[in-house]
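Novice: Each chain is listed here by its residues.
Protein chains: 6
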Amino acid sequence: MRGFFVGRFQPFHLGHRTFVEDIAADVDEIVIGIGSAQTSHTADNPFTAGERISMIHRSVTGLATTTFVVPIEDLHRNSVWVSHVTATVPPFDVAYSNNPLVRRLFEEAGFEVRSVELYQREAYSGTEVRRRMLAGEPWRHLVPDPVATVVDETNGVERLERVSDQFDE
Amino acid sequence: MRGFFVGRFQPFHLGHRTFVEDIAADVDEIVIGIGSAQTSHTADNPFTAGERISMIHRSVTGLATTTFVVPIEDLHRNSVWVSHVTATVPPFDVAYSNNPLVRRLFEEAGFEVRSVELYQREAYSGTEVRRRMLAGEPWRHLVPDPVATVVDETNGVERLERVSDQFDE
Amino acid sequence: MRGFFVGRFQPFHLGHRTFVEDIAADVDEIVIGIGSAQTSHTADNPFTAGERISMIHRSVTGLATTTFVVPIEDLHRNSVWVSHVTATVPPFDVAYSNNPLVRRLFEEAGFEVRSVELYQREAYSGTEVRRRMLAGEPWRHLVPDPVATVVDETNGVERLERVSDQFDE
Amino acid sequence: MRGFFVGRFQPFHLGHRTFVEDIAADVDEIVIGIGSAQTSHTADNPFTAGERISMIHRSVTGLATTTFVVPIEDLHRNSVWVSHVTATVPPFDVAYSNNPLVRRLFEEAGFEVRSVELYQREAYSGTEVRRRMLAGEPWRHLVPDPVATVVDETNGVERLERVSDQFDE
Amino acid sequence: MRGFFVGRFQPFHLGHRTFVEDIAADVDEIVIGIGSAQTSHTADNPFTAGERISMIHRSVTGLATTTFVVPIEDLHRNSVWVSHVTATVPPFDVAYSNNPLVRRLFEEAGFEVRSVELYQREAYSGTEVRRRMLAGEPWRHLVPDPVATVVDETNGVERLERVSDQFDE
Amino acid sequence: MRGFFVGRFQPFHLGHRTFVEDIAADVDEIVIGIGSAQTSHTADNPFTAGERISMIHRSVTGLATTTFVVPIEDLHRNSVWVSHVTATVPPFDVAYSNNPLVRRLFEEAGFEVRSVELYQREAYSGTEVRRRMLAGEPWRHLVPDPVATVVDETNGVERLERVSDQFDE
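Chains as they are written, first to last, in the UniProt record's numbering: chain P, 1 to 169; chain Y, 1 to 169; chain A, 1 to 169; chain U, 1 to 169; chain L, 1 to 169; chain F, 1 to 169.
These aren't lab readings, by the way, just hints derived from the structure by calculation.
Please note that the accuracy of each hint is not assured.
[Said to hold, decoys possible] The following label-pair restraints were derived from C-beta to C-beta distances:
no.	chain 1	residue 1	chain 2	residue 2	range
1	Y	D22	L	A43	55 to 65 Å
2	Y	H76	U	G136	28 to 38 Å
3	P	P91	U	A123	54 to 64 Å
4	L	E112	U	G136	31 to 41 Å
5	A	G62	Y	E122	39 to 49 Å
6	F	D152	A	G110	37 to 47 Å
7	L	D74	U	D28	27 to 37 Å
[As the list claims (entries may be wrong)] Every beta carbon over 10 Å from chain Y, so not counted as near; a handful from chain P, in silico:
no.	residue
8	R58
9	L101
10	L105
11	E108
12	E137
13	D145
14	E153
15	F167
Since the model is a prediction, treat every value here as computed from it, not as a measurement.
Note that the Cβ used here is the ideal one computed from N, Cα and C, for glycine as well.
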């Protein structure tokens with residue numbers, strides 16, 4: 001059986017990693033979809049799809065389960081999103097998500113949707129990691145080590161600071 | 001003479017219905033354009049174009065005036081919007097709207113634009129109907145009966161609740 | 001029961017009209033989708049969506065069956081086309097088409113698809129009508145009378161000649 | 001040597017004009033890119049690309065330096081923005097900007113980026129000019145005379161008022 | 001009075017240059033629109049918008065008439081093309097073109113359209129210039145000298161050869 | 001060192017497989033980009049991105065080299081293609097391709113590009129495989145076994161026949 005899990009992963013953090021491990025206990029193969037793949041260099045979406053593939057690939061290599069990591073561009077049309085996903089990634093049997101919109105779209109399309117117990121939801125969120133990066137607070141303990149490496153390689157914190165800087169021309 | 005009236009109709013409510021009736025007194029045929037046709041499953045735009053066609057079609061069948069109901073996708077370019085509309089719908093002689101942007105765009109393009117006396121503007125707005133749906137307050141008296149039927153058939157209130165749920169991944 | 005029939009209708013001709021009549025014998029309501037709605041002023045697609053709505057609306061008003069006429073823009077992604085259609089038009093139970101691609105896409109999406117006996121297929125095709133318009137040969141007997149009227153109102157033959165004229169800058 | 005300077009210029013004001021003069025002291029030719037070229041008739045972006053070309057062209061004709069004024073449409077993908085710019089405008093050697101995102105994107109692409117001393121930054125901003133237009137306060141002293149002329153020719157203040165008017169359908 | 005002239009200019013050749021000179025005799029200012037601005041590196045469209053701006057700018061600097069050179073991206077919708085053009089370039093009074101589609105679109109939009117006597121049409125066409133480049137035949141006498149310079153600076157002939165090479169993966 | 005190889009893979013065949021093996025001898029990791037990812041259900045591009053991921057993933061699992069398989073959507077702008085690719089996939093040091101356009105675009109962007117000795121080029125091409133599928137001739141010996149399995153699972157030959165069927169409405 002194959003499971004599907006989608007997120008923006010800005011960046012991929014330990015909450016995501018735990019989520020993937022929980023799914024791995026359920027299924028034979030996991031497809032991880034990187035949402036809003038085309039967006040980068042913004043305050044909410046600092047990292048490119050390629051950088052996010054690197055983060056996730058290095059963070060899940062330890063897993064026994066085969067993992068596909070696939071960027072998915074936005075079409076900005078919720079009504080065709082599920083078709084877009086199923087055309088872009090290998091076939092899957094069940095979608096895992098706690099995101100209400102994602103769950104709704106898959107359910108309306110007739111998919112089985114499962115949720116996963118969230119691990120320290122407040123600490124482990126992309127919003128919190130980015131907030132800490134901008135505030136100069138510790139953030140490395142919230143992400144897998146390889147993610148911190150990718151962030152460093154891309155000068156990710158500096159990029160985030162720069163693209164978050166409001167400018168009034 | 002043919003009149004044009006455009007809205008997002010999320011959902012079509014009694015204010016819209018009254019507006020259409022007032023236009024019907026003026027013209028022989030009415031073209032109703034469904035704006036932002038491609039948008040659905042969001043807090044501000046819960047319903048698909050197809051669902052909105054159903055709502056409007058069933059709500060105006062009683063009218064003596066011939067009515068065309070035509071979805072219009074956004075091009076996200078105000079400067080070509082009037083051309084886009086006139087290419088997408090049958091020809092019309094006068095545009096009806098109280099929306100300042102719509103009025104402005106038609107006026108700059110040389111169209112005659114008329115406004116209509118608003119019927120209980122504060123009660124009858126899409127924003128208010130959606131707010132009531134989310135708050136669990138009565139909303140059915142604000143829409144034509146067939147609209148309530150379409151909302152029920154699509155589990156529209158549940159959908160609205162789900163897609164309005166903020167999620168912080 | 002509601003049936004769906006899609007075409008480009010460049011222009012709507014008697015073959016289409018017969019097709020609609022045959023569907024009308026089967027179902028309670030018909031949704032006619034106007035494909036490639038955004039395309040006009042080309043040799044293969046001379047007419048706008050609005051002009052095609054006028055053609056079809058005037059040609060099917062005699063039918064007892066309720067008919068919805070809905071323009072559908074291309075997304076240039078076959079894999080999401082069925083979702084795009086079902087979001088854009090009112091719900092339907094069966095798709096009617098003799099177009100192999102359309103049939104395939106609906107079948108892969110799990111829809112019932114029916115075909116219709118073609119009426120003098122070679123004479124009644126959009127390609128043949130446009131060829132005759134360009135060659136100055138008779139074409140009016142191949143389309144419903146109201147279609148000829150719309151073509152005349154838009155100087156459609158002259159437009160077709162102009163946009164078909166190859167130009168090497 | 002050729003320099004590049006990009007802005008939205010909604011509208012082009014004396015701060016922009018001073019910026020261009022400062023660049024002119026550095027380089028032989030200036031390419032002025034008009035960003036978000038496709039956007040107009042909104043509260044933040046009232047003027048079309050064509051109107052902004054007129055504003056800038058008339059405001060820089062006095063300069064000895066050859067100036068190219070080129071509209072640049074958004075692709076809504078920061079990661080390809082620099083390539084998009086370099087394909088759309090004549091080649092340049094150095095990019096001038098105080099906008100942190102623009103600077104970052106050019107730097108990641110290996111371009112030399114220079115900043116310019118800002119001239120009375122708070123007074124001379126597009127946001128402030130538009131605020132004054134809407135509030136009925138004086139704004140003409142903040143823009144070059146030819147810009148005021150273009151604003152008047154397009155009834156720009158009235159347009160801004162109209163498109164800024166919130167409407168709740 | 002201001003005149004508008006649009007072409008793809010792949011590349012700008014002496015036929016175009018003569019056309020511009022003829023228009024210059026008629027009007028006070030000329031707006032030259034570079035069509036299909038987003039297309040480059042193909043057999044029919046080898047040059048970028050920026051390269052085409054350079055070609056045209058250097059070829060018309062001798063003219064007394066003020067000239068605006070503005071890239072125009074395709075929207076792939078003929079029905080909104082005129083609106084797109086008029087929003088992208090400064091206002092103009094008359095459109096010059098021998099292209100039947102361009103003439104038709106401007107005429108349907110109510111513009112005055114003028115044609116120009118063609119100068120040795122067969123020799124001076126972009127198709128012929130590109131054919132000669134690929135065939136290794138002389139082409140420099142067909143373009144203004146500054147265009148040959150731009151072609152050389154961009155290794156344009158080699159690029160054209162490369163992008164014209166059919167590849168069957 | 002990481003190498004990049006891009007193709008449409010309609011379908012992935014033994015020529016591609018040999019190409020990947022040759023690259024694997026050169027580099028530590030391979031990124032395989034699936035071009036025209038958004039296109040499917042056409043005569044030239046029958047398979048979805050997801051199906052092509054399955055084909056490639058199963059065909060390269062035997063390789064010692066780590067392999068990333070990443071779909072890349074067309075932006076229909078050659079000038080930004082390299083930036084789009086580098087933002088979508090993990091970073092790479094050298095691009096492998098025999099496609100002249102791909103080579104040219106990478107070279108203009110300053111990348112090292114290498115070619116690979118082609119293995120029986122005429123037999124092993126996507127065009128030839130699709131021609132054989134349509135003609136009912138043997139094709140399985142031209143593709144890795146897992147590709148034949150994916151084609152069978154998706155009724156790929158039947159789909160290809162259907163979408164290749166010309167239809168004149």
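Novice: Determine for every hint whether it applies to the structure shown.
Specialist: Each hint, compared with the structure:
{"no.": "1", "hint": "Y:D22 x L:A43: 55 to 65 Å", "result": "holds, 57 Å"}
{"no.": "2", "hint": "Y:H76 x U:G136: 28 to 38 Å", "result": "holds, 30 Å"}
{"no.": "3", "hint": "P:P91 x U:A123: 54 to 64 Å", "result": "holds, 60 Å"}
{"no.": "4", "hint": "L:E112 x U:G136: 31 to 41 Å", "result": "holds, 39 Å"}
{"no.": "5", "hint": "A:G62 x Y:E122: 39 to 49 Å", "result": "holds, 44 Å"}
{"no.": "6", "hint": "F:D152 x A:G110: 37 to 47 Å", "result": "violated, 20 Å"}
{"no.": "7", "hint": "L:D74 x U:D28: 27 to 37 Å", "result": "holds, 33 Å"}
{"no.": "8", "hint": "R58", "result": "holds, 20 Å"}
{"no.": "9", "hint": "L101", "result": "violated, 5 Å"}
{"no.": "10", "hint": "L105", "result": "violated, 7 Å"}
{"no.": "11", "hint": "E108", "result": "violated, 8 Å"}
{"no.": "12", "hint": "E137", "result": "holds, 18 Å"}
{"no.": "13", "hint": "D145", "result": "holds, 21 Å"}
{"no.": "14", "hint": "E153", "result": "holds, 23 Å"}
{"no.": "15", "hint": "F167", "result": "holds, 22 Å"}
Consistency note: the structure conflicts with the earlier hints numbered 6, 9, 10, 11.
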